[in-house]
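Take the two lone chains and join them into the complex the hints point to.
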Amino acid sequence: MNSIGEECTDLKKKYDDCFNTWFSEKFLKGDHDDSMCSSIFRIYQECVKNAMKQQNIDFKEIDKDILGTENEFKAPPQEGTS
Amino acid sequence: MARYYENTSTFNFSWDQVVRGYWKRYPNPQSTHVLSEDTWSRQIKDGCLHTKRVLTKTNRVPKWGERFFNAKSVKIIEESIVDPDQKVLITYTRNLGYTKVMSVVERVEYRSAGPHQTVARRSAWIDSQVFGFSRAIRAFGVDRFKKNCTQMASGFNHVLHALYERQASHGLAPVSHTLKEMRSAAAAAAAATDRAAANVLSSVNRT
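Protein chains in written order, with full-length UniProt numbering: chain A, 1 to 82; chain B, 1 to 207.
Chain B extracted, bound-state conformation (with noise of 0.2 angstroms):
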């Protein structure tokens, strides 16, 4: 029976904002483990894109793991909807081959709450078949998992704020003129204090 976890996390960016960088999210700093990264295959149908990419990570295992699973790297097949009218964006990944001593499938939504806050619902099935030993690798696997939310979340916010944040600076850099200006620029300033806050709260909230 696989062991089953799920999380929840926020990103103060709009879904279009939080889609348009999640095909630019490696590398950042926490994903150094991921060595590359390719699309399989890509398609529309129905109006929603299909993208299925392949990437190698390497396989960071225990001393007690390593007779069981020794390989340097694993392949991970990610499978992707963009559905551009509901806003929602699912990705569902697994790893390729060794799925017999640990398969880690892992399912992300991210949908839309407002304007600029998009939520992330990852929801993950580990399992093993090691006689004798599922339990255990089963609990390293979902250990693993938990601590390699929060780097995710963490990597791609930081992408985020790269791509995003310098936009919002520059609303506030010129010297308005007329009164329109100086009225959107003030929302903006306003805009961008409100993102700040709810960053600070969601990064307090993550630890």
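Just chain A, with the same shape it has in the complex (with noise of 0.2 angstroms):
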């Protein structure tokens, strides 16, 4: 899969074999230590963030969180139960 900058499409393919190696290998198995990737993935959020900037991409947008929040949508309740 591409990143939104073209020149971030390598670091992208490099963190995210490392992020998938840590996930099943790692954090599924219950340790939580996330410092194996965070170099790589330092230096890949540097490259989207300015691939963003040149995009004029609303940041503060992105930064709000929802899920987990009070703002989350809620499904409505079902018919026939009370």
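No lab work stands behind these hints, which were simulated from the structure alone.
Keep in mind that a hint or two might mislead.
Said to hold, decoys possible - As a list, the in silico BS3-like pairs of lysine-lysine whose alpha-carbon atoms are at most 30 angstroms apart: (1) Lys57/B - Lys53/A; (2) Lys87/B - Lys13/A; (3) Lys60/A - Lys45/B; (4) Lys14/A - Lys87/B; (5) Lys53/A - Lys146/B; (6) Lys26/A - Lys100/B; (7) Lys45/B - Lys74/A; (8) Lys147/B - Lys14/A; (9) Lys26/A - Lys13/A; (10) Lys14/A - Lys57/B; (11) Lys45/B - Lys49/A; (12) Lys14/A - Lys146/B; (13) Lys100/B - Lys13/A; (14) Lys24/B - Lys49/A; (15) Lys14/A - Lys45/B; (16) Lys45/B - Lys26/A; (17) Lys45/B - Lys64/A.
Next up, the structure:
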């Protein structure tokens, strides 16, 4: 899969590979130390943020957290149940 | 008032397989509209993995909708939480920008339903605030969303099969020498047959 910035795609792939290994081999097995991919993540992030800046993407809107907050949409109550 | 829509799909893979596959689900044959995918932030809070990703997708609208929504692509923000203890993955996606024209919010909960099954419960809220056209746009949005649901499930299934089916068949290939090996090969074969049957059933149910 491509990155939003063409120049970041190689970094993205390296980071994704690292993350996928960490996720399967560490995180799901109960090891929650996430330092394994942090250096490649930093370099990749820098690239992506520069690419997004050039595309005038609204960072504030991305930073807004919805999931797990009270702003999350709730399913309407089901009909026929009280 | 937003239109609400929900549906449920079952994947014949363990929850661990589904969450590992979740990060690899693009590209797949059904995802040609997904142009890019990037991780924006990622951290562990209270034992859960919180991720925010930004995706770019092509914007497919009918001719009549182009006057409102002529962007070639849209940005999607995807928040997710993986709770490895409860075995729950929740994803929450929304479009970035153009939310007055059409806002699509989707929440999916992937929960373990036994050792070889994971159920995805999908909820969607589709809204529009274009004066005089909001009803038509909402109806179009719901219709497009329903069609996409089937594609999303079959695209994800494709990825899961590619990732894990090979492992299952490897267990059958070698000639077994010990009784223990033969027993486990037989068990793997039975499980593979069950899974295949379940796959056929679920694809029949989907259409």
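Verification of the supplied hints:
Restraint check: the Cα-Cα separation between Lys57/B and Lys53/A comes to about 18 angstroms, which is no more than 30 angstroms; the hinted pair holds. Between Lys87/B and Lys13/A, the direct Cα distance comes to roughly 27 angstroms. Compliance with the 30 angstroms bound is thereby established for this hinted pair. Of the pairs offered as hints, the one joining Lys60/A and Lys45/B holds, with about 21 angstroms between alpha carbons and a cut-off of 30 angstroms not exceeded. As the CA atoms of Lys14/A and Lys87/B are separated by approximately 27 angstroms, the hinted pair is consistent with the 30 angstroms bound.
Only pairs whose Cα atoms come within 30 angstroms are accepted, and Lys53/A paired with Lys146/B is rejected, the gap being roughly 34 angstroms. Proposed proximity of Lys26/A and Lys100/B is contradicted: the alpha carbons are some 42 angstroms apart, above 30 angstroms. At most 30 angstroms may separate the alpha-carbon atoms for a hinted pair to count; Lys45/B and Lys74/A meet this at roughly 23 angstroms. Straight-line distance between C-alpha atoms of Lys147/B and Lys14/A comes to about 34 angstroms, which puts the hinted pair past the 30 angstroms bound.
The suggested pairing of Lys26/A with Lys13/A holds, with an alpha-carbon distance near 19 angstroms, which does not exceed 30 angstroms. With a C-alpha separation of about 22 angstroms, the suggested pair Lys14/A and Lys57/B falls inside the 30 angstroms cut-off, and the hint holds. At most 30 angstroms may separate the alpha-carbon atoms for a hinted pair to count; Lys45/B and Lys49/A meet this at roughly 23 angstroms. For the given pair, Lys14/A sits about 35 angstroms from Lys146/B by alpha-carbon distance, which is inconsistent with the 30 angstroms threshold.
Between Lys100/B and Lys13/A the CA atoms are separated by roughly 34 angstroms; this puts the pair beyond 30 angstroms, and the hint is violated. Distance restraint check for Lys24/B and Lys49/A: the Cα-Cα separation of roughly 22 angstroms lies within the 30 angstroms cut-off, and the hinted pair is therefore satisfied. Proposed proximity of Lys14/A and Lys45/B is supported: the alpha carbons are some 24 angstroms apart, at most 30 angstroms. The suggested pairing of Lys45/B with Lys26/A holds, with an alpha-carbon distance near 16 angstroms, which does not exceed 30 angstroms.
With a C-alpha separation of about 17 angstroms, the suggested pair Lys45/B and Lys64/A falls inside the 30 angstroms cut-off, and the hint holds.
Against the hints set out earlier in the document, violations occur for numbers 5, 6, 8, 12, 13.
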